[in-house]
Amino acid sequence: MTDKPVWQPTASRDVLKNRAQLLAYVRGFFAQRQVLEVETPVLGRHGVTDVNLDGIPASVNAPGITSGWLQTSPEYHMKRLLAAGSGSIFQVARVFRNGERGRRHNPEFSMLEWYREGFDDRQLMAEVADLVCGWLGCKRPLVLAYRDAVQAYAGFDPMKVSDRDLARYCEQWLEPEQLAGMGRDACLDLVMSFVVEPKLGVDAPVFLTRYPAAQAALARVSDDDGFAVAHRFELYINGLELCNGYWELTDPQEQLQRFEADNRQRRAAGKSEMAVDQAFLDALDAGLPESSGVALGLDRLLMLKVGAASIEEVLAFPVERA
Amino acid sequence: MASYSTNEFRSGLKVLLDGDPCIMLENEFVKPGKGQAFNRVKLRNLMTNRVWERTFKSGESLEAADVVEQDMEYLYTDGEFWHFMLTDGSFEQFAADAKAVGDTVKWLKEQDVYTVTLYNGAPLSVTPPNFVELEVVDTDPGMKGDTAQGGSKPATLSTGAVVNVPLFITIGEVLKVDTRSGEYVNRVKSS
Chain C
1 MTDKPVWQPT ASRDVLKNRA QLLAYVRGFF AQRQVLEVET PVLGRHGVTD VNLDGIPASV
61 NAPGITSGWL QTSPEYHMKR LLAAGSGSIF QVARVFRNGE RGRRHNPEFS MLEWYREGFD
121 DRQLMAEVAD LVCGWLGCKR PLVLAYRDAV QAYAGFDPMK VSDRDLARYC EQWLEPEQLA
181 GMGRDACLDL VMSFVVEPKL GVDAPVFLTR YPAAQAALAR VSDDDGFAVA HRFELYINGL
241 ELCNGYWELT DPQEQLQRFE ADNRQRRAAG KSEMAVDQAF LDALDAGLPE SSGVALGLDR
301 LLMLKVGAAS IEEVLAFPVE RA
Chain Z
1 MASYSTNEFR SGLKVLLDGD PCIMLENEFV KPGKGQAFNR VKLRNLMTNR VWERTFKSGE
61 SLEAADVVEQ DMEYLYTDGE FWHFMLTDGS FEQFAADAKA VGDTVKWLKE QDVYTVTLYN
121 GAPLSVTPPN FVELEVVDTD PGMKGDTAQG GSKPATLSTG AVVNVPLFIT IGEVLKVDTR
181 SGEYVNRVKS S
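Each protein sequence line maps, in turn, to chains C and Z. For the first sequence, the residue numbers in UniProt numbering are 1 to 322. For the second sequence, the residue numbers in UniProt numbering are 1 to 191.
The set of hints was computed from the structure by calculation and includes no laboratory data. Do not take every clue at face value.
As the list claims (entries may be wrong) - Sample of chain Z residues at the chain C side, in silico, Cβ under 7 Å:
#: 1; residue: Tyr4
#: 2; residue: Asn7
#: 3; residue: Pro32
#: 4; residue: Lys34
If you're wondering where the values come from, they're calculated on a predicted model, not measured in any experiment. We treat Cβ as the ideally placed atom computed from N, Cα and C, and that holds for glycine.
The whole structure should be built from the sequences, with the hints applied where relevant.
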């Protein structure tokens with residue numbers, strides 16, 4: 001089924017103006033704080049190993065190179081710059097995630113990603129709040145631990161709940177045979193998406209923090225009351241997930257182990273394995289400075305600014321019209 | 001038969017769910033940035049007309065249902081079946097049972113064109129056009145000249161449908177009726 005192409009944009013001229021203002025605001029914000037703007041490849045040699053992220057493969061014709069990936073985020077390249085001594089950096093990047101299309105998703109979107117040398121997650125959260133609240137004119141965000149949020153809205157302890165009870169809880173939405181192939185984290189994602197998220201940031205913005213270690217991705221992990229938790233944070237406003245940040249993992253050994261664990265999960269999920277980006281691991285080997293980094297969806301920030309219910313209201317051309 | 005994966009889900013898609021043909025009404029893609037993606041889907045079961053809500057993991061798929069909608073002219077009923085004919089010049093005929101015809105029976109007029117939904121080649125449902133023109137066969141005597149004042153009365157139409165009409169309507173007049181609401185629209189002509 002293919003629709004007839006439509007040439008007109010989906011965003012109004014007013015919203016396009018808002019987008020230009022947002023970009024100017026972001027650049028002013030970081031200029032004032034002396035964070036360097038950088039550009040890194042949109043087309044990279046490697047994709048990511050993350051089981052829930054699908055890049056878009058590209059066919060390339062360059063000496064010795066025949067394939068590549070449209071990047072799901074500029075993270076690896078930006079960390080290589082950090083390791084090379086760039087100091088704090090930011091980027092407004094176009095990123096790509098295959099198969100993601102919905103009211104809040106378009107497979108191509110604008111991501112603001114930045115890294116602060118010497119910052120821990122708390123310090124970076126304060127800066128995210130400055131940037132977001134300065135633009136939206138909203139209240140300062142509250143901070144809520146992942147565990148407390150699930151406890152409050154879903155009524156169980158995500159750190160202690162047994163796999164069996166968790167699966168039984170998810171039977172509200174999925175048949176037992178659908179749940180059979182799902183791991184603990186996918187079940188928790190379901191609970192997060194369907195039950196917790198819609199409640200987050202309704203009265204005031206909320207930072208969700210202290211994720212279970214299994215959902216650490218590229219964040220460092222520490223002990224919290226006997227449970228391993230990730231130094232990872234996400235900001236929610238009106239139930240909309242706006243950003244994802246880490247106090248960055250700098251240990252190349254642990255990073256490699258996480259990549260390998262990702263690939264095991266990919267295999268189990270019937271997805272093809274992704275080659276590990278050796279240049280990125282080499283950069284970690286050379287030494288990534290102590291830093292925190294965050295990726296923020298600019299289209300969603302714009303949705304909040306103009307009160308858009310759907311992402312196409314803030315995009316000139318969503319994928320169907322691209 | 002083909003199948004549709006979650007990334008092909010969209011409203012209007014006809015799929016098989018629990019063995020019944022369904023039409024997708026809504027599809028919401030939900031995914032935490034780093035997490036598992038799901039599709040929350042609303043479907044109408046075309047057999048029962050009931051609306052179902054289901055959740056699918058990204059990558060799951062549903063079998064396509066062989067459901068097509070075709071314009072057909074209503075011919076006649078033999079008491080058990082209602083007979084329709086394709087308007088594409090093929091003269092191919094289809095017999096719909098009472099379940100397929102459903103409430104549309106009260107709007108069926110010979111030679112008018114209806115949308116017949118076929119499932120595996122057999123009529124599953126019959127949808128009337130939004131407006132039909134039918135003759136009044138029974139109603140209380142009209143009040144001449146009373147065209148402006150409010151008030152209504154029931155009138156029985158040639159198909160057996162009963163609609164509320166203004167007081168001035170008389171037997172033999174042809175009325176335009178909205179089949180979605182079952183409401184009188186206007187008089188077409190007096191016979």
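**Request:** Answer holds if the nearest beta-carbon of chain C is closer than 7 Å to that of Z/Asn7; otherwise answer violated.
**Result:** Status holds, d = 5 Å.
**Request:** Using Cβ atoms only, decide whether Z/Lys34 comes closer than 7 Å to chain C, and label the hint accordingly.
**Result:** 6 Å, holds
**Message:** Less than 7 Å between beta-carbons is the criterion; does Z/Pro32 satisfy it with respect to chain C?
**Reply:** Because about 5 Å separates Z/Pro32 from the closest Cβ in chain C, which is inside the 7 Å limit, the hint holds.
**Cut-off 7 Å, beta-carbon criterion: hint that Z/Tyr4 touches chain C** = Given a least distance of 10 Å, the restraint on Z/Tyr4 is violated.
In summary, the one numbered hint that this structure violates is 1.
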